[in-house]
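Counted from 1, the sequence shown has number 46 at position 46 by UniProt numbering; the numbering is strictly sequential.
Don't take every hint at face value.
Claimed, not checked - Label pairs and their computed distance ranges (CB to CB): (1) 197 / 218: 26 to 36 Å; (2) 218 / 48: 30 to 40 Å; (3) 54 / 223: 16 to 26 Å; (4) 181 / 53: 29 to 39 Å.
Unchecked claim - Computed cross-link-like contacts, DSS-like style, restricted to lysine-lysine with a CA-CA straight-line distance of at most 25 Å: (5) 187 / 73; (6) 238 / 187; (7) 73 / 238.
Quick caveat, the hints were computed from the structure, so don't treat them as lab data.
Computed from a predicted model, the values in this text were never measured in an experiment.
For every residue, glycine included, the Cβ atom is placed at its ideal position computed from N, Cα and C.
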Amino acid sequence: MLHVVHHPHYVSPAAPGSSFSFDKYGLVMQALAESGADPLLHQPDPMPRAWIEAVHDPDYVDEVAACRVPPVKARRIGFPVTERVARRAFLAPGGTWLAAKLALRHGYAANGAGGSHHAMADSGAGYCVFNDLAIAANRLIVERDAARIMIVDLDVHQGDGTAVLTAGRPDIFTFSIHSERNFPARKARSSFDLGLPDDTDDADYLAALAGHLPAAIDAFAPDLILYQAGVDPHREDKLGRLALSDEGLADRDRFVMRQARRRGIPLASVLGGGYGDDRLAVARRHVGSILALYEAFHDAGMPGETGTAALLDSL
């Protein structure tokens, strides 16, 4: 059974003065239905403030909750924080935490939002309000659902906020492969970083992933992986600088899942980035990612696989 976390309030009208649209999260559910998948849907609760304040500055959490985020911070985020945006900001970390709990029980689950990896302690940034990955990881460890968590971030943009918020923690490992020349201009230091040149294609991307991810997993030995499965490395993405095809993204996701599955590590995925004027096409890429992960969870690299990722995985 495919377990997917979704809440109707993941979808919010575009904030006044912003071009960022939240309807992608509703379109993901539409595209998932069109795919013929029949997921079991789970509705999250908002993340309790105490867990958000364990990662973010309480004054900033107050600003978001009261919809009084100063203009300078709203500019960093990319849109003003309205009541609907604030409600969604509290729900997304709850969704990532719930997806992780489901993954610990079932092996794999997906949050139909999340991946807000640019948010820092006292401000959001880059379309991210609260850092759901850092919040969920911290709560899971404190409540002893997991002792060691690896955050695998394959969004085209480096997860600078996640790296900063978890820096120095021996129980959280941040792994990032991203576009070197893309946002953010000033990169943070993850546990592992690899910046790729513009127009990196499927073969070179998958070779880089195969050359580094298995060794990182083996060295850190996590008991849970949170996977930021952004689809913005796609060659048609509006904000990407890499050149992956649809099949390249699917091979990427299958490879990540096989590495987790073969080691018996539960994995929860979040959407992350994906941008374009055709938002349904972007939503379909996200659904393709979820389905590739789900299919690989079941086959886990069994004989009969074909394609570049299968060849790399055999090395």
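Here's how the hints hold up against the structure:
1. Residue 197 and residue 218 have their C-beta atoms about 27 Å apart, which keeps the hinted 26 to 36 Å range intact.
2. For the pair residue 218 and residue 48, the supplied restraint of 30 to 40 Å holds, since their beta-carbon distance comes to about 35 Å.
3. The hinted range of 16 to 26 Å is satisfied by residue 54 and residue 223, whose Cβ atoms lie roughly 20 Å apart.
4. The beta-carbon spacing between residue 181 and residue 53, approximately 35 Å, falls within the hinted interval of 29 to 39 Å.
5. The suggested pairing of residue 187 with residue 73 holds, with an alpha-carbon distance near 19 Å, which does not exceed 25 Å.
6. Distance restraint check for residue 238 and residue 187: the Cα-Cα separation of roughly 21 Å lies within the 25 Å cut-off, and the hinted pair is therefore satisfied.
7. Distance check on the hinted pair: residue 73 and residue 238 sit about 24 Å apart at the alpha-carbon level, within 25 Å; holds.
Hint check: no violations occur; every hint is consistent with the structure.
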